[in-house]
Amino acid sequence: MRTLVFIPAWNEEDSVAAVIADVRECMPEADLLVIDDGSTDATAERARAAGALVASLPFNQGLGAALQTGYLHALREGYEACAHLDADGQHPPAEVARLLGEVYADRADLVIGSRYRDPGKAESDDYKPTISRRIGTGVFRFFLTLATRQRFTDTTSGMRAANRRVMALFSERYSPDFAEIESLQLAVREGLRVEELPVRMLERAGGTSFLTPLRSAFFIFKGLIVLVVGQFRPRHAGAER
Amino acid sequence: MAAASQSPKVHLTSQTRVIAAVLALAFMALVLELIRRDRLQERFSVVWFVAGLGMLIGAAFPGLLTLVADAMGVRDTNVALFSIVLLFLLGLALNFSVTMSRQAAQITRLAQERALEKARAQSLSSENGGEAKSKSLES
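Heads up: the sequence lines are chains A and V, in that order. Numbered by the numbering used here, the letters in the first sequence go through residues 8 to 248 in order. Numbered by the numbering used here, the letters in the second sequence go through residues 2 to 140 in order.
Hints should not be assumed to be uniformly reliable.
Stated by the list, open to error - What follows is a list of derived Cβ distance ranges for each label pair:
| no. | chain 1 | residue 1 | chain 2 | residue 2 | range |
| --- | --- | --- | --- | --- | --- |
| 1 | V | Glu43 | A | Pro35 | 55 to 63 Å |
| 2 | A | Pro35 | V | Arg38 | 44 to 52 Å |
| 3 | V | Phe97 | A | Gly145 | 36 to 44 Å |
| 4 | V | Ser84 | A | Glu202 | 49 to 57 Å |
| 5 | A | Phe225 | V | Leu91 | 45 to 53 Å |
| 6 | A | Ile232 | V | Asp77 | 23 to 31 Å |
| 7 | A | Cys33 | V | Ser124 | 31 to 39 Å |
| 8 | V | Leu82 | A | Ala175 | 46 to 54 Å |
| 9 | V | Ala27 | A | Gly145 | 56 to 64 Å |
| 10 | V | Leu82 | A | Gly145 | 47 to 55 Å |
Quick caveat, the hints were computed from the structure, so don't treat them as lab data. Note that the coordinates shown come from a computational prediction; the quantities given were computed from them, not determined experimentally. Note that the Cβ used here is the ideal one computed from N, Cα and C, for glycine as well.
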């Protein structure tokens, strides 16, 4: 199956080359696209030097727009499956390959890598979130489960694999503001099969989380509004299955 | 009776009416001038033109405002006037937010298209460059 692995990157010059090398080694048959989201550092150059195709957005557009660029490319170039992972090195490509395996086997349209559902364990023990993060995660889990009637543990995971149905949907409709959560809700609402797979994640190689308590509160508030509004959105006409 | 006791409140002197009319005309002239200089697109100008016209009519027939206030059940014509203007501006601001959202989405798609276009051109040129090199090696 023709597969595209894409990596959204915003000012990740320290880690992007290593991530590309890892993906190459793990999935030599997959094509690679780095979406440089208006980086002001050497992210694009490093990625190009590491041998990846680089699509540079002319200005920073946010993660949602960067991911949508990847889905758009995958759809247009006729890839049968695609996957994306973060550029900061916390997502092992071997785990991405496992997600893709589910898509190849047609067990799901969209597969999310979850850091929480360790095989045989309820919670991950190598991941210790802060309190505000834990509250946010809990709130989102609760409301997303309520909205989709499906259990999700890692609602903001940036490690995903998808088939062409998802590409068609996400290349048209992908919220730039609240990409991860709204996209899950959208996919379930459109009747796509969304599956979560427990994966191993690493400590981020570079950069720090952007969350402070106040920001987390705002983030949660915004997320809730997005979820409520999302419940009333009209369904997409083109994504019947 | 109630209208009579209020009439002094809405009674505009001819001076204020002239000033209001001149302001309304100046405003409409400004809108026209902005269109003429391509600083404002026609489709955005209609609403401002209507606003200017409303100002002009209000200045010409101050009794109209009293009628409107009575219809709204508002005693004070000033309050009626401010409410109408406030609602008008609120609607306009919302309209602008909608326009901005649409344009933001368009800009995003444009940026995505350009990024992918450039990436494709780059991969093509690097392929061609590779061929050129191998050709030059052959010759």
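Which earlier hints can't be squared with this structure?
-> 2, 5, 6 and 7
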